[in-house]
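Go by the hints and put chain S onto chain F.
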Amino acid sequence: MPSPTSRPDDPAAALRTPSRPHSDAPTVLKIVIAGGFGAGKTTAVGAVSEITPLSTEEYLTEASTGVDSLEGVEAKQTTTVAFDFGRLSLPDAPVPLELFLFGTPGQDRFVDLWYDLSRGAVGAVVLIDTRRLETSFTPVSFFEDIGLPFVVAVNHFDGAHRYQPEQVRAALELPACVPVVTCDARNPSDVAGVLLTLVGHAENAPATPVHPAPNATLQDA
Amino acid sequence: MSARGDAAEDSTFVRTYTLTRGRTRPRHLLGLDTVLDAGPGRPGPGQAEECEEILALCREHRRSVTELAGRLGRPVTAVKILVSDLLDADALVVPVTAPYAASGTDADARPSLQMLAALSAGLKRKWPDAIAYLQAG
Numbered sequence: 001m002p003s004p005t006s007r008p009d010d011p012a013a014a015l016r017t018p019s020r021p022h023s024d025a026p027t028v029l030k031i032v033i034a035g036g037f038g039a040g041k042t043t044a045v046g047a048v049s050e051i052t053p054l055s056t057e058e059y060l061t062e063a064s065t066g067v068d069s070l071e072g073v074e075a076k077q078t079t080t081v082a083f084d085f086g087r088l089s090l091p092d093a094p095v096p097l098e099l100f101l102f103g104t105p106g107q108d109r110f111v112d113l114w115y116d117l118s119r120g121a122v123g124a125v126v127l128i129d130t131r132r133l134e135t136s137f138t139p140v141s142f143f144e145d146i147g148l149p150f151v152v153a154v155n156h157f158d159g160a161h162r163y164q165p166e167q168v169r170a171a172l173e174l175p176a177c178v179p180v181v182t183c184d185a186r187n188p189s190d191v192a193g194v195l196l197t198l199v200g201h202a203e204n205a206p207a208t209p210v211h212p213a214p215n216a217t218l219q220d221a
Numbered sequence: 001m002s003a004r005g006d007a008a009e010d011s012t013f014v015r016t017y018t019l020t021r022g023r024t025r026p027r028h029l030l031g032l033d034t035v036l037d038a039g040p041g042r043p044g045p046g047q048a049e050e051c052e053e054i055l056a057l058c059r060e061h062r063r064s065v066t067e068l069a070g071r072l073g074r075p076v077t078a079v080k081i082l083v084s085d086l087l088d089a090d091a092l093v094v095p096v097t098a099p100y101a102a103s104g105t106d107a108d109a110r111p112s113l114q115m116l117a118a119l120s121a122g123l124k125r126k127w128p129d130a131i132a133y134l135q136a137g
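So the protein lines, in turn, are chains F and S. Under this note's numbering, the first residue of the first sequence carries the number 1, and numbering increases by one thereafter. Under this note's numbering, the first residue of the second sequence carries the number 1, and numbering increases by one thereafter.
Think of the hints as simulated: they come from the structure by calculation, not from any bench. Accuracy of the hints is not assured; some may be wrong.
Only part of the chain S face toward chain F is listed, based on derived beta-carbon distances under 10 Å [as the list claims (entries may be wrong)]:
1) L32
2) P43
3) G44
4) E67
5) P75
6) R110
7) K126
Here are some chain F residues the structure puts well away from chain S; computed CB gaps all over 10 Å [claimed, not checked]:
8) F85
9) D92
10) L117
11) R131
12) D145
13) H156
14) L172
15) R186
16) D190
Where is the CB? At the ideal position from N, CA and C, for every residue including glycine.
Chain F extracted, bound-state conformation (with noise of 0.2 Å):
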C-alpha cells in the first residue's frame, strides 16, 4: 500500500489569499466516488449532479520504478489523470448546502489525488463491478488506512452475476460496520440512497482526522 508522499514547504501558502467574508453562501461538503476503470463512477456522478460530470485532467509526477536511477538522480514520469467531477446544490437543507462529488480511479499510484480530495471530506464511496472485484482492495485499504468513512457499493450490472452484499463483504474482508449496498448507477434515487447511506455512517464513525495514523503499529499489539 503505497501512502501519500509528504508534502514539500509550499511557499505560497504564506501567501494571504484574498477571501471574502460570505455568510450567505452555501458550504461546500464534498464525497470521494472511487471505483476501477468502467464501475460506473461518471454515471453515478451524473446521476445526482445539476451539471453534465466534468472530466479533469491533473498532471502526477510519480518516481519510476523498476528502474536503478542512474547517478542519483532520480527519474521521474509524469503522468495524465482524468477524474470526473459534478455538483449539486441543496438549498432546502437547514443550512444551505452544496455538493460536491469526485469521481477518482482506483489505481494506487493515484493515491496522491484520493489523499487531496479526501481531506475534509464527508467520506468515500467505492463503486465495484462485481466482474473486476480486484481492483476494489486499493481504494478500499486507501481510506480505512486514513480513516475516512466510507461504504462500498455494487454497480448491478445487466447481466452480470448477482452477488449479495455478504459475498462482496467477504472478499474484500471488510469488517461490520462498512456498509455494503447494491445500487444501480443510473438511477438518481439509488444513488442518493447510497450517499444517505454514506452520511449515516459517517454520523456514526468516530471523528478521526484523515492522515495515516502514526501509532498504527503500536494498536496492533
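For chain S alone, coordinates are given in the frame of chain F:
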C-alpha cells in the same frame, strides 16, 4: 488515463506551459475543491485569454478549481497558476462561508455532525424515494 502517444503528450505539455508562461507552481495554495467568486479587481494586461474565460464563468456562478479546469479543458495545475494571477489582481476571491471560518486553519477538519445532519436532510428532501441502508450492529 491518456491513451495518446508521446508526441501528442509532449505537445500538450508545451501548450500548457506556454499558457502559464513557463511557470509550473501556483503562487497560492489552492485545493481541488477551492471555490472561487468574481472579485472587484481587473486582471492585468497581457493575461492569457483563458483568464477572461475563468472570470466569465465565475461571474455566472461560483466555481471550484476542478470545475474551471474541466470546463477549460486544461490541467488543474495550469488553471491554479492562472487563478493565482487573478487572485493577486483581486479579480477573483475565495468566498469564506461561516461554518468553515471556524476550522479554516485545520486542513484535516471533517464536517461537523450538524453539517452531516443537514446534508442528510437536504438529500432526503431532494430525493424522497432514496433509501439509506441501515447497518445492523
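These are the hints, each one checked on the structure:
1. Against a cut-off of 10 Å between C-beta atoms, the interface hint on L32 (chain S) holds, since the closest Cβ of chain F lies about 6 Å away.
2. Interface restraint check for P43 (chain S): the shortest CB-CB distance to chain F comes to about 14 Å, outside 10 Å, so the restraint is violated.
3. Using the Cβ-Cβ criterion of 10 Å, the hint placing G44 (chain S) at the interface with chain F is not satisfied: the shortest such distance is roughly 15 Å.
4. The interface hint given for E67 (chain S) holds, since its Cβ lies 6 Å from the closest Cβ of chain F, which is under the 10 Å cut-off.
5. Interface hint status for P75 (chain S): upheld, as the beta-carbon distance to the closest one in chain F is roughly 5 Å, under 10 Å.
6. A cut of 10 Å between beta carbons decides the hint on R110 (chain S): the least distance to chain F is about 6 Å, and the hint holds.
7. For K126 (chain S), the interface hint holds, the least distance from its beta-carbon to any beta-carbon of chain F being 6 Å, beneath 10 Å.
8. For F85 (chain F), the shortest C-beta to C-beta distance to chain S comes to about 5 Å, within the 10 Å cut-off, and the non-interface label is violated.
9. With a least CB separation of 5 Å from chain S, D92 (chain F) falls inside the 10 Å interface cut-off, contrary to its annotation.
10. A beta-carbon of chain S comes within 10 Å of the beta-carbon of L117 (chain F); the shortest separation is about 6 Å.
11. Residue-level check passed: R131 (chain F) sits 20 Å from the nearest beta carbon of chain S, beyond 10 Å.
12. Listed as a non-interface residue, D145 (chain F) keeps its Cβ farther than 10 Å from every Cβ of chain S; the least gap is roughly 14 Å.
13. No beta-carbon of chain S is positioned within 10 Å of the beta-carbon of H156 (chain F); the least distance is around 14 Å.
14. No Cβ of chain S approaches the Cβ of L172 (chain F) within 10 Å, the least distance being about 15 Å, so the stated non-interface status holds.
15. Distance check for R186 (chain F) against chain S: the nearest CB is about 14 Å away, which clears 10 Å, and the non-interface claim stands.
16. Distance check for D190 (chain F) against chain S: the nearest CB is about 8 Å away, which does not clear 10 Å, and the non-interface claim fails.
Of the numbered hints listed earlier, those contradicted by the structure are 2, 3, 8, 9, 10 and 16.
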